[in-house]
Structures are given as C-alpha cells and as structure tokens.
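Student: Line by line, the protein sequences are chains A and B.
Mapping the first sequence onto my numbering, position 115 (from 1) lands on 119, and the numbers just tick up by one.
Mapping the second sequence onto my numbering, position 291 (from 1) lands on 294, and the numbers just tick up by one.
It is possible that some hints are incorrect.
Claimed, not checked - Anything over 10 Å on all C-beta distances counts as not near chain A; from chain B, calculated:
(1) 85
(2) 174
(3) 240
(4) 248
Said to hold, decoys possible - Facing chain B, a subset of chain A residues (Cβ under 8 Å, in silico):
(5) 181
(6) 184
(7) 186
(8) 187
(9) 189
(10) 190
(11) 191
(12) 192
(13) 193
(14) 202
(15) 205
(16) 255
None of these hints come from the bench; they were simulated from the model.
Yeah, the Cβ is synthetic: ideal placement off N, Cα and C, and Gly gets one too.
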Amino acid sequence: MSAASESYYDRRGVLSALGRDGLIQIILILNTAVMLAPIVIMVFAAFKTNAQIFQSPFSIPDFSNVTNIVKIWTETNFLRYLLNSVIVTTSAIVIILALGTMAAYGIARYRFWGASFVLMFFLAGLTLPLKLAIIPLFILMRDLGILNTQLSLILIYVAMGLPTTVFIMTGFIRTLPNELEDAARMDGASEPRIMWSIMLPLVRPALVISCIQNVVPIWNDFFFPLIFIQKDNLKTLPQGLTTFMGEYTTDWGVLFAGLLLSSAPVIIVYIIMSRQFINGMTAGAVK
Amino acid sequence: MARMTLNGIRKNFNAVNVLHGIDLEIADKEFIVFVGPSGCGKSTLLRLIAGLDSISAGEFRVDDRRMNEVAPSRRGIAMVFQSYALYPHMDVYENMAFGARLMGLDGIEIDRRIDEASKMLRLDPLLKRKPRELSGGQRQRVAIGRALVRKPKVLLLDEPLSNLDAALRSDVRLEIARLHREIGGTTIYVTHDQVEAMTLADRIVVMNNGKVEQFGSPRELYERPANTFVATFIGSPRMALLNVERSGNNLGLAGSGSVRLDRLPPSDERDLVIGVRPDALTVSTGEATSGFRGNVVYTEYLGDNTYVYVRLGDGTLVSVRSSDGTALKPDAPVVVSVAPEAVHYFSRTTGERLAA
Chain A
5 MSAASESYYD RRGVLSALGR DGLIQIILIL NTAVMLAPIV IMVFAAFKTN
55 AQIFQSPFSI PDFSNVTNIV KIWTETNFLR YLLNSVIVTT SAIVIILALG
105 TMAAYGIARY RFWGASFVLM FFLAGLTLPL KLAIIPLFIL MRDLGILNTQ
155 LSLILIYVAM GLPTTVFIMT GFIRTLPNEL EDAARMDGAS EPRIMWSIML
205 PLVRPALVIS CIQNVVPIWN DFFFPLIFIQ KDNLKTLPQG LTTFMGEYTT
255 DWGVLFAGLL LSSAPVIIVY IIMSRQFING MTAGAVK
Chain B
4 MARMTLNGIR KNFNAVNVLH GIDLEIADKE FIVFVGPSGC GKSTLLRLIA
54 GLDSISAGEF RVDDRRMNEV APSRRGIAMV FQSYALYPHM DVYENMAFGA
104 RLMGLDGIEI DRRIDEASKM LRLDPLLKRK PRELSGGQRQ RVAIGRALVR
154 KPKVLLLDEP LSNLDAALRS DVRLEIARLH REIGGTTIYV THDQVEAMTL
204 ADRIVVMNNG KVEQFGSPRE LYERPANTFV ATFIGSPRMA LLNVERSGNN
254 LGLAGSGSVR LDRLPPSDER DLVIGVRPDA LTVSTGEATS GFRGNVVYTE
304 YLGDNTYVYV RLGDGTLVSV RSSDGTALKP DAPVVVSVAP EAVHYFSRTT
354 GERLAA
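Same shape as in the complex, but just chain A:
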C-alpha cells in the first residue's frame, strides 16, 4: 500500500501532486465560503435590531439578545404557519413517495404493453412548468371547491414531485438483479412482499434522494400558497413571513429570525437524511 503510493508520488512529482491537491482545497474552501455567507448573515441578522443590521451587516451580534425570536414566537402567527408547512410538506412527500415508488416499480420490473409510454408520460411532466398553468389550475381548484384549503397545495405538489420521483426510482429499481426477485419467488414471496421486503430496502438511497429533492422546493414554495391560500391560519411559512414586511417599514430582525426558524427544520432533515444516504451509497459500493 505505502509502496504503491510512494511510487505514485515519485512518478507525478511530489510538488505537482501537492500543488494540484492544494488548488482543489482552495477552490473548495472559497466555494464553501460563498455558500455559507448568506446563511451566516441570516443567523447574525436574526439577533440584531433594524439599526444594527443597516449599520454593520457583517458584525457578530450579541447572541444573548433573543428579543426577535421571542417576538416571533409570541406576537405573530409563526407556530401556525410552521404547522401548516409541516402538514402540507409531509402529506405531499408521503403521497409522492408512495405513488412514485409503486409506479416506478411497475414500470421497471414488469414487462407490459405501453410500459415505455407510461414512463414517457411521467417524464413529460419534467418539461412542464406548472406555474404557467396557474390560471387554469386556479379555475380547476375553484370548481373543485378546494381553494383556500391545504388539499389544493398538496395536489399541486404531488403532481410536481411525481415526474422526478418516478424517473429516479425507475432507474434505481431497474438496476436490481433479477435473480434476487427469482430467489424471493422461490422462497414463496408474493409480488407485494417482494417489493416491500426485498426490493425497497435496497433502493433506500434512491428514496432518500427523492425525498430531499422534493422536500426542499415544497417547503420553500411561495408561489402556490400565495395564489391558493388567503386565510391567514392556513398560510405556510414562506407566505406567512411576508406579513412581517410592511408597506413602509419592515422589521428585518424579526423577519430574519423567522427565516432562521423556518429553514432550521429543512436543514436538520437534510443532515439526518444525507447521513443515511451516504451510508446507503457506501454500503452498495463496497459490496
């Protein structure tokens, strides 16, 4: 092992190898700084007053000053918005993963007439910007009588999420070896059991990818709630936070505190899931 790496450096030259690796490090560090800067500013601003934000936007605040957070907790409808976001996002994700996985499993593992058409039909959804259809969707929701309900949002998000989910899951499920399915069949497993006990545990990384991929845009979505939801106690977080922006004055500190609290759940979910996802990937790679 060490002999091999020594000869590698001998051949390439220690300096050029270090130089190249160093350059990569510098690029990665710069990239990290660019990515983290807005988040850091958001965290800092959540602990400042309006005046402080404008005077010294980059200074480190007094973290013991939690008036903004207390204010958001007590004087606004923040908890209600948070709950709405959780309800809408969770229901949409559960439905997307359940339907998307079943559709992908059918397309990937069974040979039937029209299978590729069904897949293409789902993929066509990738090319459709639903926002363009906002007026027909609005009329549709009105006629269905579900304007101003969370159901309208959930339906739209499911429609938005299914194409990518079916696309990702079909690809993963197709790569599973047929012999596993045959072995389970010899063991006497029914088709639903083969899917549930044998195949799905093996595509968990893909499920996590689909989940992350859908959670973030749904949680952050501002547009559809803005159109479909007017009642204040049905508003989701991104929409609710805009109520802090007044026509003439905006309390930026409170707004940033709201942003901080609203982005926290997604970041936490992401961290938990990405660990799972990385575990899944390496488990597969070592095999």
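The hints should help you fit chain B onto chain A, whose structure is shown.
Tutor: Chain B in isolation, oriented as in the chain A frame:
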C-alpha cells in the same frame, strides 16, 4: 420421494425456440447434471423446472403430479442461483429464515432448521453477518443453506462453482457431493464444465441447441457417446474426429494413407467419421508400423503424461497420450497407429454413433 418426468418440454421466447422437446425421466435421489456449451438451454430448462419461467408446451410432473401451473414455492423445489442472490440487507440468519417464515413455520421450527443447516454447512459463527461481510465460499454455503432450510424434495444448483476461485472449486465440489448424500433428495446441477459433470453426476444430460444429445451415466457417455457432439464434449483432451473413407476393412484418410481395422460396424456407408481419444493412439517414428502418417506440431509435458499433437495429412490435429514423447521434435514425421477396440464409429451424414 421425488421422481420427475419431463415430457416434450418446449420453450419459446416470442418467436425464438429455445428448447425443442425435452424428454427426461429422473429417479428419486439421483444426482443429475445438465451440461452443455453456453446458450444450449440448460439454464432455461432449470428455470422451467423451478417454475420461474412458464413452460410453452409439454408436461412436467413430480411424483405423477402435474407441475406446469404450480407456483415455484409449492413445487417442493429449492434453487441455488449462480450469483447466490442473497438478500443484501438481511443477515445470514434472516436470509435463511425468510423462506421458512413464508412457509408458515413457527419460530421454534425455523430455529431448529436453521440450526441444523448451519451446522451441516459450518455457518454457525456467521449467522449475524451480512452477505457483504462474507467470502465467496461462505456466500455459496449460505445460498445452499437457504435452500436446505425449506427442506426441498429437489435441489437445483445453477453453475454454483462459477464464481469461486480455482482452489476453492474442488473443495466445494466435494462438499456438494457430501451434501447430496446426507440430504438424500434429488439434485439437479447445471454446469458447462464437463469435469464437474463427470465427477458429480449419477447421470448426465448432455444438451446442445435446445436438445438432449445423450442422457446416461458418466461411464456410458465416455465409453459409448451417442454422437460426435457428445464424443468431443466429454473427455479432456478432446476426442479427435477423423473423416475417413471406407473400402472393405480399410479406412483411408486423405493424405495420410490408410489403416486396416477389424470389427467395423455393419454399414454400407462409404464416408465414416472415426473418433479416437488420446489414449487410443500411439505415435512411433518407424516406417514399418501401420497407421496414419503425420507431423508433430508440439508436445505438452504434464509430468505423468505427455501429450503429442500431430497434424495428419488432411489437416486434422490429433492429440496422442504417450509415456515418453519428449524426444519428438516439432515437424518430425511420425506414424499414428490406432487401437482397434477403442475406436468410435459415427455416420458422416448424421453424426450418430454406428453400432460396432
């Protein structure tokens, strides 16, 4: 009891015929090997028996019960796959328990069976490991264990040694032979390796192009091959086939002279094929001996034997076993003489064996 009857089994994939009417009668407790070159349909036949693919025509019976429409898990058959197909997310115990649970066995019985199988296969210390933490040989044993836990009447093995390294193969081969004796069921084993087939089988099914070429004991196949395909497939180095022309009791080979043999088969065909194995031939440099003339191509020294490869007059390459062929130099002219009792006669037109 597991007597199996295959009657005119055919398989089509769309318009392609893969199996053209297979008839086999397999007795209880037999060790049967399906052998043949890749693409001959042996694995397809195994999958039909397992129930993983549907039978296009014909009938498959186990103990007089028609099995064509019976689900794989209800045929009393278990299968070990070429890639082992262990469930990667379950440990060894779970892999073996999965099928047993689906059979509706209670926990005590499952534990007892897994205990029995893991003792037999020396898997006890591995029960809590995942398949990816096992070596190739260990995975193989788990795959066999998973099959045994279901207590099948018939055990199917699809090229079980092909993923193992050479050193392990002969060990696992012995292991499989021992297991077959201990379990006392019927075993069907698919391979393309004729050595595995010869050493393991009670009877061998030689397949080619979706047909059974011959079904018999290893000795029958070696000593009385039914046609030129079986003749060249079984035995190493291969049997040489010579296209000879018969006149009376003389067999002439283009460019190599002729040989007089007694006890030729009673046939009026002029064009024959004779098959000779390396040990039915001897090489000599003397002009006096009768035989086919040819030139040495090269010699292979293997310690206990030496194989001399000789190019005959019509371009056929024959291998000759010799106790001391080391003195022969390439291109040296030699005479290859034939032991009359060890010659196999085949028809040139059909390739079928001609009775001597």
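Student: Going through the numbered hints above, which ones does this structure break? Give me the numbers in ascending order.
Tutor: 1, 16
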